[in-house]
Amino acid sequence: MSTQEITTRPPIRVPLVIGLSFAWLVLMVVIAVTLDLWQPHDFQAMNLRTRFAPPVWMEGGSWSNIFGTDNLGRDVLSRLVVSIRISLMVALLGTLIGAVLGTLIGLLAARFGGIIDDLVMVGIDYQAALPFMILALAVVAFAGNSLTLFILLMGLYGWERYARIARGLALSAMTQGYAVAVKTLGASPLRIYGRHILPNIANALIVNMTLNFPQTIMLKTSLSFLGLGIQPPMTSLGNMVGFGRDFLLNAWWLATIPALVIFVTTLAFALVGDWVRDQLDPTSR
Amino acid sequence: MNLRFLLQKLARALLTVILIVTTVFVVLRLTGDPAMYVLGIEADPRALEQFRERWGLNDPIWQQYIRFIWNCLRGDFGYSYFEERDAMTAVMERLPKTLLLMGATGVFTMVVGIPMGVLAAIYRNSWVDRLTMTVSVAGFSLPNFVLGIFLILVFSVTLRWLPTGGSGTWKHLVMPVLTMGLAEAAVFARFTRSAMLEALNQPYMRTARAKGLRRNATVWLHALPNAAIPLVTITGFFVGTLIAGGVVTESVFSWPGLGRLLVTSVSNRDLAVVQIIVMFIAVSMVVTNLTIDLLYGWLDPRVGSARSGG
Numbered sequence: 000m001s002t003q004e005i006t007t008r009p010p011i012r013v014p015l016v017i018g019l020s021f022a023w024l025v026l027m028v029v030i031a032v033t034l035d036l037w038q039p040h041d042f043q044a045m046n047l048r049t050r051f052a053p054p055v056w057m058e059g060g061s062w063s064n065i066f067g068t069d070n071l072g073r074d075v076l077s078r079l080v081v082s083i084r085i086s087l088m089v090a091l092l093g094t095l096i097g098a099v100l101g102t103l104i105g106l107l108a109a110r111f112g113g114i115i116d117d118l119v120m121v122g123i124d125y126q127a128a129l130p131f132m133i134l135a136l137a138v139v140a141f142a143g144n145s146l147t148l149f150i151l152l153m154g155l156y157g158w159e160r161y162a163r164i165a166r167g168l169a170l171s172a173m174t175q176g177y178a179v180a181v182k183t184l185g186a187s188p189l190r191i192y193g194r195h196i197l198p199n200i201a202n203a204l205i206v207n208m209t210l211n212f213p214q215t216i217m218l219k220t221s222l223s224f225l226g227l228g229i230q231p232p233m234t235s236l237g238n239m240v241g242f243g244r245d246f247l248l249n250a251w252w253l254a255t256i257p258a259l260v261i262f263v264t265t266l267a268f269a270l271v272g273d274w275v276r277d278q279l280d281p282t283s284r
Numbered sequence: 000m001n002l003r004f005l006l007q008k009l010a011r012a013l014l015t016v017i018l019i020v021t022t023v024f025v026v027l028r029l030t031g032d033p034a035m036y037v038l039g040i041e042a043d044p045r046a047l048e049q050f051r052e053r054w055g056l057n058d059p060i061w062q063q064y065i066r067f068i069w070n071c072l073r074g075d076f077g078y079s080y081f082e083e084r085d086a087m088t089a090v091m092e093r094l095p096k097t098l099l100l101m102g103a104t105g106v107f108t109m110v111v112g113i114p115m116g117v118l119a120a121i122y123r124n125s126w127v128d129r130l131t132m133t134v135s136v137a138g139f140s141l142p143n144f145v146l147g148i149f150l151i152l153v154f155s156v157t158l159r160w161l162p163t164g165g166s167g168t169w170k171h172l173v174m175p176v177l178t179m180g181l182a183e184a185a186v187f188a189r190f191t192r193s194a195m196l197e198a199l200n201q202p203y204m205r206t207a208r209a210k211g212l213r214r215n216a217t218v219w220l221h222a223l224p225n226a227a228i229p230l231v232t233i234t235g236f237f238v239g240t241l242i243a244g245g246v247v248t249e250s251v252f253s254w255p256g257l258g259r260l261l262v263t264s265v266s267n268r269d270l271a272v273v274q275i276i277v278m279f280i281a282v283s284m285v286v287t288n289l290t291i292d293l294l295y296g297w298l299d300p301r302v303g304s305a306r307s308g309g
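Here the protein sequences come in this chain order: A and B. Under numbering that gives the first Met the number 0, the residue at position 109 of the first sequence is numbered 108, and the numbers go up by one with no gaps. Under numbering that gives the first Met the number 0, the residue at position 129 of the second sequence is numbered 128, and the numbers go up by one with no gaps.
Simulated from the structure, these hints should not be mistaken for lab results. Where hints are given, some of them may not hold.
To be verified - Away from chain B, derived, C-beta distances all over 10 angstroms, residues of chain A:
| no. | residue |
| --- | --- |
| 1 | 28 |
| 2 | 71 |
| 3 | 121 |
| 4 | 129 |
| 5 | 164 |
| 6 | 187 |
| 7 | 193 |
| 8 | 220 |
| 9 | 265 |
| 10 | 276 |
As the list claims (entries may be wrong) - What the simulated footprint calls covered on chain A by chain B, stretch by stretch (three residues with Cβ under 8 angstroms from a Cβ of chain B suffice, anywhere in the stretch; the number is not a length):
| no. | stretch |
| --- | --- |
| 11 | 102 to 115 |
| 12 | 145 to 152 |
| 13 | 254 to 262 |
| 14 | 266 to 274 |
Said to hold, decoys possible - Selected chain B positions facing chain A (Cβ under 7 angstroms, derived; list incomplete):
| no. | residue |
| --- | --- |
| 15 | 10 |
| 16 | 15 |
| 17 | 140 |
| 18 | 145 |
| 19 | 152 |
| 20 | 156 |
| 21 | 158 |
| 22 | 161 |
| 23 | 242 |
| 24 | 265 |
| 25 | 280 |
Glycine is no exception: its CB is placed at the ideal position from the N, C-alpha and C atoms.
Kindly produce the complete structure, drawing on both the sequences and the hints.
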């Protein structure tokens with residue numbers, strides 16, 4: 000490492016909260032990936048003799064069910080672990096689909112203008128007039144509860160923000176020197192947009208992705224809480240809270256533990272997202 | 000503001016409403032047979048056929064659509080299969096409860112959020128500021144139903160001060176309003192803070208101080224009205240989150256409003272009711288956005304002329 004590098008670019012200082020958030024997110028990803036090591040029981044196995052067993056730190060709890068059991072005697076920890084994987088997967092795939100779709104639409108609007116641009120604008124108006132939650136509620140409930148459909152729906156969420164950002168930045172990029180230069184050199188539109196404009200506007204899109212991700216998790220868990228989306232015997236974080244709500248009075252852990260996981264995870268994502276935005280774009284502070 | 004600008008805006012708003020109503024209509028009709036849901040899967044095939052015949056479910060979808068629009072224009076919004084009565088009556092019955100919840104949440108949000116933002120801006124980097132910013136980040140990443148569950152645990156299960164659900168007294172209103180309002184108040188505080196920080200640095204603030212006004216007077220009478228302009232913009236988002244949040248919050252607290260009716264009607268496949276609620280939401284969102292656009296032009300004439308010119 001040369002000394003010059005150090006003087007020109009001061010090392011990034013990571014605040015403690017951000018470090019902790021990162022650590023939590025890494026833990027979540029590790030849990031989701033190495034699922035089988037963490038699952039003390041089969042998450043669907045019922046045991047009616049140990050229904051409503053409390054967590055280990057409470058009176059009557061035992062190490063065989065660290066977070067207790069639910070109304071059917073199923074192990075809460077095992078269900079939690081499976082839920083984390085499902086919820087993270089849906090949110091991640093949804094965010095990726097949304098980013099690609101939205102960016103593509105935005106770039107198409109910028110490239111062709113005219114009627115395509117108008118159509119995209121109508122779509123954005125539409126999205127602004129119907130809270131996505133309501134649309135998702137209608138579609139999921141009526142079109143059935145397949146996981147694929149659910150992920151696609153999450154992908155649709157927030158497309159208009161990517162589209163608006165991509166469109167605006169691409170339009171202004173086309174007037175800048177580098178884009179004009181490659182255009183004059185005779186590059187094809189695909190090359191101009193794909194190889195030159197997209198890399199230049201990627202920062203803003205990545206920032207939007209980190210901000211969108213926790214919101215996708217929140218939307219996804221809210222829908223599951225209402226009993227839509229992932230259906231039993233499969234489980235997800237929102238599902239667990241939804242079922243646990245009915246047992247708050249006698250078995251608080253059923254809803255509270257997954258609720259805490261949701262809260263800490265979205266909070267960690269929001270903090271890291273804010274921080275990444277500040278790093279990538281110092282002017283927005 | 001000229002007439003053409005206004006008409007253009009109105010036309011776009013109308014187009015949006017029509018589009019939303021149409022998609023919901025198509026989605027609802029294409030994805031399932033209401034007869035099965037209402038009469039049950041084991042119902043007599045003849046009864047099913049009769050049901051479909053009676054409600055015109057056998058006709059091609061475009062015929063159903065034209066009939067639907069025509070009926071809406073005549074003021075007939077359909078029949079609730081599930082509650083076996085006029086769908087509009089069923090919806091209107093629930094509306095006051097939802098309006099009460101939203102109104103209370105709106106008041107709470109403004110009364111708590113705006114002063115907090117102003118204080119955070121004046122005492123920048125103090126504990127008020129840090130508290131506001133922390134609460135706003137936490138509130139923003141706390142889903143409604145999670146906060147609702149925590150509140151129930153604290154105030155109903157542990158302290159036994161408030162009922163876990165239902166409606167009727169002011170006690171029933173406390174937790175739903177907190178659930179929806181806390182995060183929103185934090186968002187308002189955050190926006191107010193940044194708008195105030197900008198306004199406090201303007202030359203007119205120095206002028207106001209120089210002519211002998213007290214500091215409090217300059218903050219509340221000069222800076223805040225100017226900072227209010229950006230606040231108008233987030234009101235649109237606010238109404239949207241209130242509607243979406245209401246669906247979840249009403250379900251958490253068994254609040255007998257439109258949101259809960261929407262969730263139950265969706266699972267009962269009660270087409271007419273879902274349609275009316277979605278229409279209500281679309282119209283109120285479009286009207287809100289339109290009002291904000293117009294209000295913005297009126298509050299800040301620079302925006303209005305720039306928009307109508309372009």
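Does the CB of residue 265/B sit less than 7 angstroms away from some CB of chain A?
Holds, because the Cβ-Cβ distance from residue 265/B to chain A comes to roughly 4 angstroms (cut-off 7 angstroms).
Would you check whether the claim that residue 187/A is not at the interface survives, using Cβ distances to chain B and the 10 angstroms cut-off?
With a cut-off of 10 angstroms, residue 187/A remains clear of chain B, as the shortest Cβ separation is near 31 angstroms.
The output says residue 164/A does not contact chain B. Does that hold with a beta carbon cutoff of 10 angstroms?
holds, 17 angstroms
Hey, does the residue 161/B contact hint survive, CB to chain A under 7 angstroms?
violated, 13 angstroms
Measuring Cβ to Cβ, find out whether residue 121/A lies farther than 10 angstroms from everything in chain B.
Residue 121/A not clear of chain B: closest Cβ-Cβ about 7 angstroms, inside 10 angstroms.
Going by Cβ atoms, does residue 28/A stay more than 10 angstroms from chain B at every point?
Holds, because the least Cβ-Cβ distance between residue 28/A and chain B comes to about 18 angstroms, which exceeds 10 angstroms.
Does residue 242/B hold up as a contact with chain A if the rule is Cβ-Cβ below 7 angstroms?
Where the cut-off is 7 angstroms and the nearest Cβ of chain A is about 5 angstroms from residue 242/B, the hint holds.
Checking the smallest CB distance to chain B, is residue 265/A really beyond 10 angstroms?
violated, 4 angstroms
Residue hint residue 280/B, partner chain A, criterion CB-CB below 7 angstroms:
Since the shortest Cβ distance to chain A is 6 angstroms, the answer is holds.
Test coverage of the stretch 145 to 152 of chain A by chain B using CB-CB distances below 8 angstroms; three residues minimum.
violated (count 0)
Cut-off 8 angstroms, C-beta pairs, minimum 3 residues; does the coverage of the stretch 266 to 274 of chain A by chain B stand?
n = 5 at 8 angstroms, threshold three: holds.
Chain B versus residue 71/A - minimum CB to CB distance exceeding 10 angstroms, so not interface:
With a cut-off of 10 angstroms, residue 71/A remains clear of chain B, as the shortest Cβ separation is near 20 angstroms.
Checked against the numbered hints listed earlier, the structure breaks hints 3, 4, 8, 9, 11, 12, 15, 21 and 22; every other hint is satisfied.
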